[in-house]
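Numbering (the working numbering), first residue to last: 333 to 535.
One or more hints might be untrue.
[To be verified] Below, simulated EDC-like cross-link-like pairs (lysine to aspartate or glutamate); rule was C-alpha separation at most 16 Å, straight line:
{"id": "1", "residue 1": "Lys-504", "residue 2": "Glu-526"}
{"id": "2", "residue 1": "Lys-504", "residue 2": "Asp-514"}
{"id": "3", "residue 1": "Lys-532", "residue 2": "Asp-498"}
{"id": "4", "residue 1": "Lys-520", "residue 2": "Asp-426"}
{"id": "5", "residue 1": "Lys-409", "residue 2": "Glu-474"}
{"id": "6", "residue 1": "Lys-532", "residue 2": "Asp-387"}
{"id": "7", "residue 1": "Lys-532", "residue 2": "Asp-426"}
{"id": "8", "residue 1": "Lys-394", "residue 2": "Glu-527"}
{"id": "9", "residue 1": "Lys-394", "residue 2": "Asp-426"}
{"id": "10", "residue 1": "Lys-401", "residue 2": "Asp-498"}
{"id": "11", "residue 1": "Lys-443", "residue 2": "Glu-474"}
{"id": "12", "residue 1": "Lys-495", "residue 2": "Glu-408"}
{"id": "13", "residue 1": "Lys-429", "residue 2": "Asp-387"}
{"id": "14", "residue 1": "Lys-388", "residue 2": "Asp-426"}
{"id": "15", "residue 1": "Lys-388", "residue 2": "Glu-527"}
[What the hints assert, rightly or not] The calculated label-pair distances, taken between Cβ atoms and stated as ranges, are:
{"id": "16", "residue 1": "Lys-495", "residue 2": "Thr-372", "range": "40 to 48 Å"}
{"id": "17", "residue 1": "Gln-489", "residue 2": "Gln-516", "range": "30 to 38 Å"}
{"id": "18", "residue 1": "Glu-397", "residue 2": "Tyr-492", "range": "39 to 47 Å"}
{"id": "19", "residue 1": "Ser-434", "residue 2": "Asp-514", "range": "16 to 24 Å"}
Derived by calculation from the structure, the hints in this document are not laboratory data. Here the structure is a predicted model, which means the values were calculated and not measured. Every residue gets a Cβ at the ideal spot worked out from N, C-alpha and C, and that includes glycine.
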Amino acid sequence: TAEVDWGYFTPSEEDGLVEPEAEKFPSTKAVASATPVKPTPKPAAVAAAEAPVSDKRQRQLKYIERFAKVAQGEMEKFGIPASITLAQGLLESDAGKSVLASRSNNHFGIKCFEKNCSRGHCTNFSDDSHKDFFRKFGTAWESYRAHSLFLQRAHYQFLYQLKSTDYQGWAKGLQKAGYATDQQYAQKLIRLIEELGLQKYDQ
């Protein structure tokens, strides 16, 4: 979970048509056709494509549709891969369903440590079994911009030596730099990017 100094931040089939005679004296063909035939299994890819989409996946897809252009705009301005920004937003906010995201427009778990907070600046919320203060934003976009600004800090600068298409490097780098305490953080980001095809937004 990120920490940030806010001093610089702005804004039948049908029934069987079978003739009676055929019904009484079925031919060999009729008997043969009555034998159930096992359906041919569909290829895994086809079966997966036809499977019903879960509620969570639908929510993720809607989230991406909503914020893809925002993430690309931040990439153009700051050089952070859009796939990484989207994956972090999806993971940290549970695709916009978390309390922080729904009540405070905080999509990246950004904390606040200002000593002189104005009213409504942050909110007290349990994280990692203890309470911390987290930033509140007027809009989700402000949260995206705050995330971009946070990643301008010195200990994240090595990430900008990577290509904007190297989402795996970025994910591992964020974990290495301590963005989150979850030891599986990088793998979770990479899995989201690859399952949802987020890398296409880095082009």
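Do the hints match the structure? See the list:
1. The straight-line distance between the Cα atoms of Lys-504 and Glu-526 is roughly 15 Å, inside the 16 Å bound, and the hint therefore holds.
2. Distance check on the hinted pair: Lys-504 and Asp-514 sit about 12 Å apart at the alpha-carbon level, within 16 Å; holds.
3. Distance check on the hinted pair: Lys-532 and Asp-498 sit about 12 Å apart at the alpha-carbon level, within 16 Å; holds.
4. For a cut-off of 16 Å, the pair hint linking Lys-520 to Asp-426 stands: about 12 Å separates their Cα positions.
5. This hinted pair checks out: Lys-409 and Glu-474 have alpha carbons roughly 14 Å apart, not beyond 16 Å.
6. Between Lys-532 and Asp-387 the CA atoms are separated by roughly 23 Å; this puts the pair beyond 16 Å, and the hint is violated.
7. A threshold of 16 Å between alpha carbons decides the hint, and for Lys-532 with Asp-426 the separation of about 21 Å lies outside it, so the pair is violated.
8. Using a Cα cut-off of 16 Å, the hinted pair Lys-394 and Glu-527 holds, with the two alpha carbons roughly 15 Å apart.
9. Of the supplied pair hints, the one linking Lys-394 and Asp-426 holds, its CA atoms being roughly 12 Å apart against a limit of 16 Å.
10. About 19 Å separates the Cα atoms of Lys-401 and Asp-498, which puts this hinted pair outside 16 Å; it is violated.
11. Straight-line distance between C-alpha atoms of Lys-443 and Glu-474 comes to about 14 Å, which keeps the hinted pair within the 16 Å bound.
12. Between Lys-495 and Glu-408 the CA atoms are separated by roughly 13 Å; this keeps the pair inside 16 Å, and the hint holds.
13. The hinted pair formed by Lys-429 and Asp-387 meets the criterion: a straight-line CA distance of about 12 Å does not exceed 16 Å.
14. Restraint check for Lys-388 and Asp-426: the C-alpha separation of about 9 Å stays at or below 16 Å, so the hint holds.
15. Taking the CA atoms of Lys-388 and Glu-527, the gap is about 13 Å. The hint holds against a cut of 16 Å.
16. Between Lys-495 and Thr-372 the Cβ separation comes to about 44 Å, which falls inside the hinted range of 40 to 48 Å.
17. A beta carbon spacing of about 25 Å between Gln-489 and Gln-516 contradicts the range 30 to 38 Å that was offered as a hint.
18. For Glu-397 and Tyr-492, the Cβ-Cβ distance of about 28 Å falls outside the hinted range of 39 to 47 Å, so the restraint is violated.
19. At about 21 Å, the CB distance of Ser-434 to Asp-514 agrees with the hint of 16 to 24 Å.
Against the hints set out earlier in the document, violations occur for numbers 6, 7, 10, 17, 18.
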